[in-house]
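*Asks:* With the hints as extra help, turn the sequences into a complete structure.
Residue numbers (the numbering used here): 1 to 623.
Read the hints as simulated data drawn from the structure, not as lab findings.
Positions of the beta carbon are idealized from the N, C-alpha and C atoms, including for glycine.
There could be a bad hint or two in this list.
Taking CB as the label site, the calculated pair distances span [claimed, not checked]:
{"id": "1", "residue 1": "Val440", "residue 2": "Ala620", "range": "48 to 58 Å"}
{"id": "2", "residue 1": "Pro322", "residue 2": "Asn129", "range": "24 to 34 Å"}
{"id": "3", "residue 1": "Asn129", "residue 2": "Lys340", "range": "31 to 41 Å"}
{"id": "4", "residue 1": "Glu240", "residue 2": "Asn129", "range": "19 to 29 Å"}
{"id": "5", "residue 1": "Asp433", "residue 2": "Gln166", "range": "34 to 44 Å"}
{"id": "6", "residue 1": "Tyr138", "residue 2": "Leu62", "range": "48 to 58 Å"}
{"id": "7", "residue 1": "Gly184", "residue 2": "Glu426", "range": "20 to 30 Å"}
{"id": "8", "residue 1": "Lys430", "residue 2": "Ser21", "range": "44 to 54 Å"}
{"id": "9", "residue 1": "Val373", "residue 2": "Ala323", "range": "16 to 26 Å"}
{"id": "10", "residue 1": "Ser542", "residue 2": "Leu351", "range": "37 to 47 Å"}
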Amino acid sequence: MILDFLGDLERTHSCGELRASHAGQIVVLMGWVNRRRDHGNLIFLDLRDRSGITQIVLDKELVPEGHAKGEHVRPEYVVAAVGKVSLRDADAINPKMPTGEIEIETTELLVLNDTRLAPFSPSDEAIQNEEVRLKYRYVDLRRPEMQHNFRLRHDITLAIRDNLSQQGFLEIETPILTKSTPEGARDFLVPSRLHAGEFYALPQSPQIFKQILMISGFDKYFQIARCFRDEDLRADRQLEFTQVDLEMSFPRQETVFGVAEQFLAAGFKAAGVTLLTPFPRITYDESMRRFGSDKPDLRLPGLTDVRPAFTDENLAALQIDPALPVVALRIPNVGELSRKEREDNHPSFDLKKGAKFIDDFKRLAKGFPEAAVKVRELAGAAEADFVIIVAGDPAHHIKASDTKFEGRLSEREINVYSAAGNFRTELAKKYADKHGAFGVTEKVVKDAEPGAPVDGAQAFQPIWITDFPMFEYDAALAKWMPAHHPFTSPHEADMANLLTDPASVRANCYDLAMNGMELGSGSIRIHRKDVQQQIFQSLGISDEEARARFGFFLDALEYGTPPHGGIALGLDRIVMLLAGAPSLREVIAFPKTAKAIDLMVEAPTTVTEQQLKELHIRVALKS
RNA sequence: GGGGACGUAGCUCAGUUGGUUAGAGCGCUGCCCUGUCACGGCAGAGGUCGCGAGUUCGAGCCUCGUCGUCCCCGCCA
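*Replies:* In structure tokens form, the structure reads like this:
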């Protein structure tokens, strides 16, 4: 079809803004044809842009030329309509559309562009084929749901940036081409042309730079920072992702919490959700005890210690390890399950943790009536609640440490708790329709509108996790590894144990979890060189190695480093939560697949020999 | 690296115990229609059943392999 030139024509309004009050005005709208309804001598076009949809009327008697073009127009053609805003007759009003009281009585129609037939249409309701969505991402992104997600992302980002600026933070950019940093993930490497055989690394986070900015006296830094980690992807993990990264000088842990709570609340407010501050706090040990997880979902009931419900004889008869935790998990309102239904759940239980479970209460009640009653009572279980007991399995003793430090949990205990915690969240996912705890979040997300904040206290439950162990023992490498990163400061009270009892040392680091997802983490850093050296020593990192990997940073530490600390929160995850999206791909414009492929641009690819040669690289594929 | 689910028309899906010519809705094409808004009516096109082997008289259906997408474990502080 013959396309029209735009000429001097200028758009006067968007497709979502015209109302009855505009009646009589001559307007120019431009957008995509969402749908076309052809009645012969009368054609209706729904014109769509990111603001909404307006009905365009082409009447053969009034605009024979425009009507003739309209006969050939198809969905997703790009058109401009000149015409008068006219009130619809009462019986023609469409109450489902914000613009439903008016329509455009078209006097001129310009066809600005046509389109090939895409494998799906933005007006389609059911499009689930992610392969096709990602390949034709530009069509997918036209869908109102996606437009909404990116509007949301923009609003949240803007609010956070503005809030941090108001809190006195300076946004400072740090390099993308840098040096391998000490986080635990695999680096993306960039070969250097000017330095044969040498590589830059993409930052896993701006960690070292932000600490150096503190040494540089910037006092409060933040950045909406792109980070890169070459690890396998998940629904909530992409190769590149965005963090709200900040660092400040002279803070207590509580200071960082306050700053983060404020900017997060500002971000949520921009999405129409009120977050209550301060957020609750819980230690790592307590979180494991109460939820079996270091990223607890507070929308669900926690674990209950039901050890008191059993006598020693009970435990012996049930073959439960009396020295390990005996806990109950409860999923509300599941109702009675058949043996088959219960058995279908069994694969969700992680047997590798050396724990076992009892989910047949009828049978338990037969053999141990008092204990069965007591367990449900302790767990606060209503009649319809599904209760499962999780305990240590003496017959399946896995290799783990029994060592305990003054009221802290042993590795073996943690294993039992986390087996229970994983089972808890797996079953909660499965029975979401019954307990309804997740539905609350979905509803808030659906109803939330900027300017009309809804109470998110039930729907979004943030919690700080504190006092993580400083080190984790890596059995494979037979050495202690930093649980956070090696610049995290230890608790001052635990410093004496650094070399003697590494497992007992707590770190000044913290995570923020929300609805069972880790939103981010941070720490108070080491600012003294002597402490840093002790940490390296207990990690078994030699002076030479430390010097080679981050000598520049050790140098910097010697030039008047203030006490400092900070945090980084995953922006994509925040938006994902507030968009009610099932994966990060819904809130990242051009994401990669689970196999790390960009289906639209088709990356990665091979490169030319010439390119490789310049970079002093030779490819050696394993055959 | 490992486990699982899925793969049939452009999209969403059905396809009986392995049995004749593989279906539906939407979309698409053509024609008709002046008040529709998920418009309607009539007619039509559209399939290497992901790919490759194998079993079988016969495979969309069974077996093995392979590729792709998704989910999970490992991995990711």
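*Asks:* Name the hints, by number, that the structure is in violation of.
*Replies:* 2, 6
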